[in-house]
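Peer 1: Using the sequences and the hints given, assemble the complete structure.
2 protein chains.
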Amino acid sequence: VDYQHVQVPFEITLWIMLASLAKIGFHLYNKLPSVVPESCLLIFVGLIMGGIIYGLNDKSPPVMDSDIFFLYLLPPIVLDAGYFMPSRPFFENIGTILLYAVVGTIWNVFGIGFSLYGICQVKAFRLQDVSLLHNLLFGSLIAAVDPVAVLAVFEEIHVNEKLHILVFGESLLNDAVTVVLYKLFRSFCEMPAIKTVDIFAGVGKFFVVGLGGVLVGLIFGMTAAFTTRFTKDIRVIEPLFVFLYSYLSYLTAEMFHLSGIVAIIACAMGMKRYVEANISLKSHTTVKYFMKMWSSVSDTLIFIFLGVSTIGENHEWNWPYICFTVIFCLIWRALGVLVLTFFVNRFHVNTITGKDQFIIAYGGLRGAICFSLVFLLPDFHRKKLFIAATTVVILFTVFIQGTTIRPLVDLLAVKRKRESAPTVGEQIHIRFLDHLLAGIEDISGHWGQYYWKDKLEYFNSKYLQKILLREYDQPKSSIVLLYEKLERKHAIELAEAGQLGHAPSHPSLLCFVFLCSNNDKTVIIDKTLEDTLNSDVLENIQEILARNLYRIRRTGPAYNRHTLPGETEPVEHAKEILILRHKNL
Amino acid sequence: VDYQHVQVPFEITLWIMLASLAKIGFHLYNKLPSVVPESCLLIFVGLIMGGIIYGLNDKSPPVMDSDIFFLYLLPPIVLDAGYFMPSRPFFENIGTILLYAVVGTIWNVFGIGFSLYGICQVKAFRLQDVSLLHNLLFGSLIAAVDPVAVLAVFEEIHVNEKLHILVFGESLLNDAVTVVLYKLFRSFCEMPAIKTVDIFAGVGKFFVVGLGGVLVGLIFGMTAAFTTRFTKDIRVIEPLFVFLYSYLSYLTAEMFHLSGIVAIIACAMGMKRYVEANISLKSHTTVKYFMKMWSSVSDTLIFIFLGVSTIGENHEWNWPYICFTVIFCLIWRALGVLVLTFFVNRFHVNTITGKDQFIIAYGGLRGAICFSLVFLLPDFHRKKLFIAATTVVILFTVFIQGTTIRPLVDLLAVKRKRESAPTVGEQIHIRFLDHLLAGIEDISGHWGQYYWKDKLEYFNSKYLQKILLREYDQPKSSIVLLYEKLERKHAIELAEAGQLGHAPSHPSLLCFVFLCSNNDKTVIIDKTLEDTLNSDVLENIQEILARNLYRIRRTGPAYNRHTLPGETEPVEHAKEILILRHKNL
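Chains as they are written, first to last, in full-length UniProt numbering: chain A, 1 to 585; chain B, 1 to 585.
Bear in mind the hints are in silico, worked out from the structure with no lab data behind them.
Don't take every hint at face value.
Since the list gives no way to pick one copy over another, a pair counts as held whenever it fits inside one copy or between any two copies.
Taking lysine-lysine pairs in the DSS-like style, the calculated list, with each CA pair at most 30 angstroms apart, reads [said to hold, decoys possible]: (1) Lys489 to Lys288; (2) Lys31 to Lys466; (3) Lys466 to Lys288; (4) Lys205 to Lys272; (5) Lys232 to Lys417; (6) Lys466 to Lys355; (7) Lys31 to Lys232.
Peer 2: Listed below in structure tokens is the structure:
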């Protein structure tokens, strides 16, 4: 047996296998995941694994390597989060999110740091050797809400979209703040004396790290979109570019000490729209599927490793310090959310309710990022205490808060996510209001959200689309796309029910959206009108659709079924023209 | 800038990016890939890259690490090859393939080894210090036809299926022989004296290495199939298991010094059927797409690295030895194919023609496997000569043979692959003949190919399917599946042409396959009958189909559209029953 030779890939594969099998195991019993969040179960599996390793080897099991975490496990999760980020609620609440992420995190860091320093002054606790700077350093790593933990819990409890994006957006964007504060305090710890200049330089760094991350991400995102313009002949490597460019943006940002998380989110959000239009439908399915799969595996591995790393002799159990850490984490977060929300609510009509505030404060879960950062600390004699405190905070938030948040959401009757997708009528109205508000803002000279959105949209259609999309001269109306999708779905349903060719199209579907291909005057008959239409009108609509749909589709989007590899478009077009002519005769 | 920190993943990503961009670049000019095989262009890119690195650093660029090749780059290609292997022609020609792979490779190894030893005796060449054993060792690594190189060239020239599977199957299965001979000679080189026992042990090893690989592969393949029985609730990690289990089979086989290539092929071929039935349609698309993508990237990287590694000072240019190596490789392969085919043709009705023999001999391309093996040689003073000879042989076969094989195929008018898929009528007849021949073989007591296939099929449906498939009590008729697929495709076409609900189903499609859901008496009306049917009969058929198709589909296969994540089957079923009832009223 030559185990040495294959050790590295073999063990990696086995760990991934363990993670996947654990996931299957939980889902075999349907009741389990609905009571306990998966993250808790995975940590539990990790604890058992760690116990076994500890028992067999009689030494501490290997802790999760910080490099492995930051370079290999975290990026897939953040990429998935950024790519599937609902951009509308995100940009609508960007101000609030940034306030929570920047001011809130700073508030927590200093709050926790200073109060723990106060605890250290109590002689009975024997902690007087922990300096203020070390407490602040510890505060900077323990204050950060963890996107992986938040995602794992919030994806299961289905709170309303705004609440979800507030907590989740904060957990993603506070990375820039955490990175800066953590590095700042760490360098202060090693400096003999701290000058005022250094502190100002630290403040300036916030902007460099955050905005730099956004810039790096956008550059890579645009390059990715541009690259996919040229992949028409080799569809099979299209998904690769999505992954390669986002990963490069993360690594590049990390290389320049910028925020990798912010970079990868900017990259994913920036390229999504263009890449989706350029690549084939199958490629897109693969991208989506693989992203979900990868992030799900990373996520699982992180929680299992968290459990494994908890076992061992890395800890110094000074209970007063640990307990007060947990308490301060809770108190300062609650206070921070209350104060910040007070200011936010003064400037918004659509306020954040008291219940929502409670869930935001309660949903501040800590996770693997804290854990990796604490192991990256420079060696000093109280490092094991910090490790112990971090472990307890993570386990407390994931187990206690993670398990109780679902009953609390039920108990408080927090507004849930609406299950159904918005109707076409709603979509039209929302878009109409957007244009209206942009116009109002333009006339009144108020440069608000809608004004900028409109300008961006103009810039996008005027310049970006021409450069980044393969076929840019098309009507990109989402309604046309929706109609086609519905018709296709309906056709498949009919085919599977064996009804094709007999029944007329299901009236509600045809009535659902009715549009003339004439793009200037899009006539929409809302769903609510359905009942008032008689069959003559319906037939008339069908006639118009049948005659005109070809024209729409010919100038249709790049990612329809006809650009799949191996199919030649001209032939398809010719065939359809023939079908239509034949029918008309 | 902290480059050290991100170096490893950054450089890996950049190499993959270079490979992908090179691929895009070639395909931008449509004429280039049709004249020169992609592998040549990639090696050329590699040569340029190597030249640049050499020029900048003034030292040899890093050679391709053999471990990286065997552990990370080769498995995806072999997995792809095994998964998409057309199993029918493979098993029909398994005897011939094994003869070429085992006897042919041994023939080549000893032929090339002994004749090169003869060359070494010529005093003028100054090669007298190269022993017979070293020549045989060199022969064992240079004789092996390379699956990566063969696949790269043969996928582009579209020769007939039998010819393709003969060359490609040989290149895959000779791995077991090459591994054994290479390790045998290498251990002989280090032994002070060779006993007769050792030689017999070597012969015995053939069977252990080959059959052991098959066994390991099948065990992992069956486990993979069994695992996918339980992934119904977490579709998103289904594709992962396909990759994890096949990779584990490869690594496990390598660990026990068995043939990893044979193992991964056995695993992929074994699990394919069951996994496909268990996993969702989207998962399957992802599996297929990712496999193709991964193998395509690996393939590209291998050829680029081949080029990069060629540049440098690792070579000893003894031209007589190198030239004779190329000549002997050609001669012995041609002789081997001639002699072996002579015997094969005596036992087969469907003989291998002279043209085919020429292409088989000419298509014996060498590639990265030789290259990695020559670098793995133990250090001895003539290693650089072997490296130079291997490099020249690879470049000669890939560039000269690879570029000229397409014109030769055209010139000789070698039978091409038929472009169209077999009709349903053909499929029925083939299956009917299979059963007939199995019956004849059973009665006559001749245990041939059909007899074993029939037994295997019985064993499969009696035991394996019950264990490995989630829903095994279904009619697995491929005709039902095909009909559904055609109807669905037709429905989508109609929907896209805007004709849904107006036109009756296109007659040729409906007439194409007509089957009663009554599984015992499947009535097939062949495509050729289409014209003789009048519209009344057609309508009658449509009636029967519409009434009966629901029943088929309810007990349909696990991987139809209705088992996608997020869709609840009972609701769908209820809805369809409603539609059908409504229609009947």
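Peer 1: Now tell me if each hint is right for this structure.
Peer 2: Status of the hints after comparison with the structure:
1. In the homo-oligomer, the alpha carbons of Lys489 and Lys288 lie at most 30 angstroms apart both inside one protomer (20 angstroms) and across protomers (23 angstroms), since each shortest distance falls under that limit.
2. Proximity of Lys31 to Lys466 under the C-alpha cut-off of 30 angstroms is restricted to the inter-copy arrangement: shortest distance 27 angstroms between copies versus 51 angstroms within a copy.
3. Taking the shortest Cα distances, Lys466 and Lys288 sit within 30 angstroms of each other inside one copy (25 angstroms), while across copies they are farther apart (32 angstroms).
4. For the identical chains of this complex, Lys205 and Lys272 are intra-copy neighbours only, at 29 angstroms inside a copy versus 54 angstroms across copies, given an alpha-carbon limit of 30 angstroms.
5. Taking the shortest Cα distances, Lys232 and Lys417 sit within 30 angstroms of each other only across copies (25 angstroms), while inside one copy they are farther apart (38 angstroms).
6. Proximity of Lys466 and Lys355 under a CA criterion of 30 angstroms is satisfied in neither setting, with 46 angstroms inside one chain copy and 52 angstroms between copies.
7. Only between protomers do Lys31 and Lys232 lie at most 30 angstroms apart by alpha-carbon distance; the minimum there is 15 angstroms, versus 46 angstroms within a single protomer.
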